[in-house]
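Let chain A serve as the given structure and place chains B and C on it in line with the hints.
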Amino acid sequence: MADGVKPRVKVPKTAAAGDTITIKTLISHKMESGQRKDGDGNVIPRSIINRFTCDFNGQNVIDITLEAAISTNPYFEFQAIVPEAGEFKFTWYDDDGSVYEETKEISVS
Amino acid sequence: MMKLAGVAGIFLVGFFGAVAYADPAEDTLILNEDIKMVTKTAAPAHLSDVMDEVYSGWLFRGTETRAMQADDFDNPGMLFVEQAEGVWNTVEGSEDKSCASCHGASEEMAGVKAVYPKWNETAGEVRTIEMQVNDCRENQMGAEKWGYTSGNMVNMTALLASVSRGMPVNVAIDGPAQSVWEDGKELYYTRTGQLEMSCANCHEDNYGSMIRADHLSQGQINAFPVYRLKNTKLNAVHSRFKGCVRDTRAETYSAGSPEFIALELYVSSRGNGLSVEGPSVRN
Amino acid sequence: MELTRRSVLQLGAGILVVASVPLKAFAAGEDLIESFTGGADIAEGGVTLTAPEIAENGNTVPIEVDAPGASEILVMAMGNPTPNVATFKFGALSASHSASTRIRLAGTQEVVAIAKMQDGSFARASATVKVTIGGCGG
Numbered sequence: 000m001a002d003g004v005k006p007r008v009k010v011p012k013t014a015a016a017g018d019t020i021t022i023k024t025l026i027s028h029k030m031e032s033g034q035r036k037d038g039d040g041n042v043i044p045r046s047i048i049n050r051f052t053c054d055f056n057g058q059n060v061i062d063i064t065l066e067a068a069i070s071t072n073p074y075f076e077f078q079a080i081v082p083e084a085g086e087f088k089f090t091w092y093d094d095d096g097s098v099y100e101e102t103k104e105i106s107v108s
Numbered sequence: 000m001m002k003l004a005g006v007a008g009i010f011l012v013g014f015f016g017a018v019a020y021a022d023p024a025e026d027t028l029i030l031n032e033d034i035k036m037v038t039k040t041a042a043p044a045h046l047s048d049v050m051d052e053v054y055s056g057w058l059f060r061g062t063e064t065r066a067m068q069a070d071d072f073d074n075p076g077m078l079f080v081e082q083a084e085g086v087w088n089t090v091e092g093s094e095d096k097s098c099a100s101c102h103g104a105s106e107e108m109a110g111v112k113a114v115y116p117k118w119n120e121t122a123g124e125v126r127t128i129e130m131q132v133n134d135c136r137e138n139q140m141g142a143e144k145w146g147y148t149s150g151n152m153v154n155m156t157a158l159l160a161s162v163s164r165g166m167p168v169n170v171a172i173d174g175p176a177q178s179v180w181e182d183g184k185e186l187y188y189t190r191t192g193q194l195e196m197s198c199a200n201c202h203e204d205n206y207g208s209m210i211r212a213d214h215l216s217q218g219q220i221n222a223f224p225v226y227r228l229k230n231t232k233l234n235a236v237h238s239r240f241k242g243c244v245r246d247t248r249a250e251t252y253s254a255g256s257p258e259f260i261a262l263e264l265y266v267s268s269r270g271n272g273l274s275v276e277g278p279s280v281r282n
Numbered sequence: 000m001e002l003t004r005r006s007v008l009q010l011g012a013g014i015l016v017v018a019s020v021p022l023k024a025f026a027a028g029e030d031l032i033e034s035f036t037g038g039a040d041i042a043e044g045g046v047t048l049t050a051p052e053i054a055e056n057g058n059t060v061p062i063e064v065d066a067p068g069a070s071e072i073l074v075m076a077m078g079n080p081t082p083n084v085a086t087f088k089f090g091a092l093s094a095s096h097s098a099s100t101r102i103r104l105a106g107t108q109e110v111v112a113i114a115k116m117q118d119g120s121f122a123r124a125s126a127t128v129k130v131t132i133g134g135c136g137g
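First to last, the protein sequences are chains A, B and C.
The numbering of the first sequence is numbering that gives the first Met the number 0, which starts it at 0 and goes up by one.
The numbering of the second sequence is numbering that gives the first Met the number 0, which starts it at 0 and goes up by one.
The numbering of the third sequence is numbering that gives the first Met the number 0, which starts it at 0 and goes up by one.
Okay, chain A solo, but in the shape it has when bound (with noise of 0.2 angstroms):
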């Protein structure tokens, strides 16, 4: 597992039943991008998160592929459905076969 790799996930505590919300993620990591030289001329290997997902309770809310041209310590912002109370799944995949989770508990008012 890459270092001081760590998510952030900003979503509300509480929605209206199938209220749409914003939804923002950040995690943080180098995305090295492979096009990248060391000291030595030698190319710096591509480490990337190639996917990130976010699940509500089982469901998909968008799955996206990532490419090197996304920046370090990629950032998405989205919205998503809120049909009842529950709980949102986001999952980053590291090209080294690491898996980074993050769950938020939401409740339906």
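Hints in this document: simulated from the structure, not taken from any laboratory.
Among these hints, one or two may not hold up.
Said to hold, decoys possible - With a Cα cut of at most 27 angstroms, we get these calculated DSS-like pairs of lysine-lysine: (1) B:K229 to A:K36; (2) B:K144 to B:K96; (3) A:K36 to A:K103; (4) B:K241 to A:K29; (5) A:K23 to A:K5; (6) B:K229 to A:K9; (7) A:K29 to A:K9; (8) C:K129 to A:K12; (9) B:K232 to A:K9; (10) A:K29 to B:K144; (11) B:K144 to A:K36; (12) B:K232 to A:K29; (13) A:K9 to A:K88.
Unchecked claim - Anything over 10 angstroms on all C-beta distances counts as not near chain B; from chain C, calculated: (14) D30; (15) T36; (16) D40; (17) A42; (18) A54; (19) P61; (20) E71; (21) E109; (22) G119; (23) S120; (24) A122.
Here the structure is a predicted model, which is why all the values come from computation and not from measurement.
Glycine residues also receive a C-beta, built at the ideal position from the N, C-alpha and C atoms.
Only chains B and C this time, still in chain A's reference frame:
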């Protein structure tokens, strides 16, 4: 407001080709839809001969860059504040203490960053916040000092700045700190390097100019440390000083050197009255 | 970037240094579109791409795509060595079929978004982003 008068203007034109001018943005920085930041205010008394108003570098950045700083979630610098929060609460060193053991929650440090660099009576020296943090690590915790611009250090200064955001910068320049402040002022106005330019030639005489596509600010440090889009990490004040000195093709001082400490005190005092903004977002 | 006399003289000629789009990358971008659409016609409109006209730094350029009724949006930076940037697939609980992110652009170029609609049709939007080069600070 055409500022390209005088020798320095000619210098800029000479070195950079056509130089355009653009006013700072007419914009208000409201942090997290809550804290109204002072990004523009009357110049402190010691600058009254040379300028009327001081501006945060935020006003010289593009719309998208400004927006990124207005919300803690959008500001990537806050990732590092969170990392520092973890370190704040971590016990280290021979005394089995964390920063929190003595200082409580990090929010208890609100206001501290606003008055640094500051004269330390016991040590008989002007201390930057980095020096104070290392003093605590070494003498209070029995832990190893951090490198002056190391990741841990710049993250910690970002945490200390973040809890003071919105408070006015207010460094003392009189009393025992005065001679150091004078040294810093001299450095600020000394022309160096092959380009023979001083900080003032760019940041006092020509702020507002476009150097190539870069909108030149007053070079204030109320917003440090800064997350730069360019290197996608937090940058310490002394790292930025180094970059600017190097650009005049001069030998630069090292981070943590007496020269840069004096310069930091002086440059901070030029921003007295602006809000503490760190960690900010710059290009 | 160091302010050597030579670079300063070159810069004197024009404030913006505009990177020319390498032809090879452009072809790669077209290939990518071809494989995404399977060669189907692409309509203009139906997808919105929001990007700054001028980005202060190519390392972090905020963009937003929005295509009501899209199942997928492919984003490309036509002048990057590898044009593919990201593909957004919208699930059952996606509200607006829009998303924002931050991308890397190697110089001034065209950013393209191609949306695949739920009915199988395609739509395209593009935006030119000028990437500026800073003046100071190493």
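Here's how the hints hold up against the structure:
no.: 1; hint: B:K229 to A:K36; verdict: holds (17 angstroms)
no.: 2; hint: B:K144 to B:K96; verdict: holds (15 angstroms)
no.: 3; hint: A:K36 to A:K103; verdict: violated (39 angstroms)
no.: 4; hint: B:K241 to A:K29; verdict: holds (24 angstroms)
no.: 5; hint: A:K23 to A:K5; verdict: holds (14 angstroms)
no.: 6; hint: B:K229 to A:K9; verdict: holds (25 angstroms)
no.: 7; hint: A:K29 to A:K9; verdict: holds (21 angstroms)
no.: 8; hint: C:K129 to A:K12; verdict: violated (39 angstroms)
no.: 9; hint: B:K232 to A:K9; verdict: holds (21 angstroms)
no.: 10; hint: A:K29 to B:K144; verdict: holds (26 angstroms)
no.: 11; hint: B:K144 to A:K36; verdict: violated (31 angstroms)
no.: 12; hint: B:K232 to A:K29; verdict: holds (10 angstroms)
no.: 13; hint: A:K9 to A:K88; verdict: holds (12 angstroms)
no.: 14; hint: D30; verdict: holds (30 angstroms)
no.: 15; hint: T36; verdict: holds (30 angstroms)
no.: 16; hint: D40; verdict: holds (33 angstroms)
no.: 17; hint: A42; verdict: holds (28 angstroms)
no.: 18; hint: A54; verdict: violated (7 angstroms)
no.: 19; hint: P61; verdict: violated (5 angstroms)
no.: 20; hint: E71; verdict: holds (25 angstroms)
no.: 21; hint: E109; verdict: holds (18 angstroms)
no.: 22; hint: G119; verdict: holds (34 angstroms)
no.: 23; hint: S120; verdict: holds (31 angstroms)
no.: 24; hint: A122; verdict: holds (25 angstroms)
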